[in-house]
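*Asks:* Sequence:
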Amino acid sequence: MDRIVNHLKIKMCTKRRDSLSKLILFSIKVLTLRSEVGLRIEVLTLRIEVGLRIEVGLRIEVGLRIEVGQKRIIVDGSFDRIFLKYHHVIIQKTTLSEPKFIRLEKNFFQKDTPLDDAKLWYIPKVSL
Numbered sequence: 001m002d003r004i005v006n007h008l009k010i011k012m013c014t015k016r017r018d019s020l021s022k023l024i025l026f027s028i029k030v031l032t033l034r035s036e037v038g039l040r041i042e043v044l045t046l047r048i049e050v051g052l053r054i055e056v057g058l059r060i061e062v063g064l065r066i067e068v069g070q071k072r073i074i075v076d077g078s079f080d081r082i083f084l085k086y087h088h089v090i091i092q093k094t095t096l097s098e099p100k101f102i103r104l105e106k107n108f109f110q111k112d113t114p115l116d117d118a119k120l121w122y123i124p125k126v127s128l
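For the record, in the sequence shown the residue sitting at position 13 is 13 according to the numbering used here, with numbers rising by one throughout.
Check the hints yourself; a few may be wrong.
Said to hold, decoys possible - Taking lysine-lysine and the BS3-like style, the derived pairs with C-alpha atoms no more than 27 Å apart in a straight line are:
(1) Lys85 <-> Lys71
(2) Lys71 <-> Lys111
(3) Lys119 <-> Lys71
(4) Lys119 <-> Lys85
(5) Lys119 <-> Lys93
Calculated from the structure, these hints are not laboratory results.
Starting from the given sequences, assemble the full structure and let the hints guide the process.
*Replies:* Structure follows, in structure tokens:
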């Protein structure tokens with residue numbers, strides 16, 4: 001399946017979307033959003049080499065390592081610093097600092113989604 005978004009063409013390597021393809025598609029959506037709100041952005045050319053394979057171990061092992069790393073940087077506060085370093089401009093431009101709340105039913109999310117863990121969600125600081 002080919003997808004063309006903002007002059008980027010990505011050939012999906014598998015029928016099933018894996019984490020990498022979701023990340024790429026999410027990044028393209030962010031680029032689309034950034035261009036729609038009028039921010040100047042630089043788009044890097046993404047090229048996937050035919051025959052190139054990267055072996056990173058078992059998915060479960062990689063997932064656990066990523067999860068442990070995420071928990072560590074959340075606890076020490078560096079996740080928030082990194083997140084805001086790269087996204088503060090788009091947050092300001094899209095007025096995420098003035099939230100409008102839409103309640104989604106819990107069955108909208110996967111059962112293991114940690115909805116009650118506030119440190120995993122972006123919560124804008126609202127000045128009253």
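*Asks:* Give a verdict on every hint.
*Replies:* Here is what the structure says about each hint:
1. Lys85 <-> Lys71: Cα-Cα ~19 Å, so holds.
2. Lys71 <-> Lys111: holds, 20 Å
3. Lys119 <-> Lys71: holds, 10 Å
4. Lys119 <-> Lys85: Status holds; Cα separation ~17 Å.
5. Lys119 <-> Lys93: holds, 23 Å
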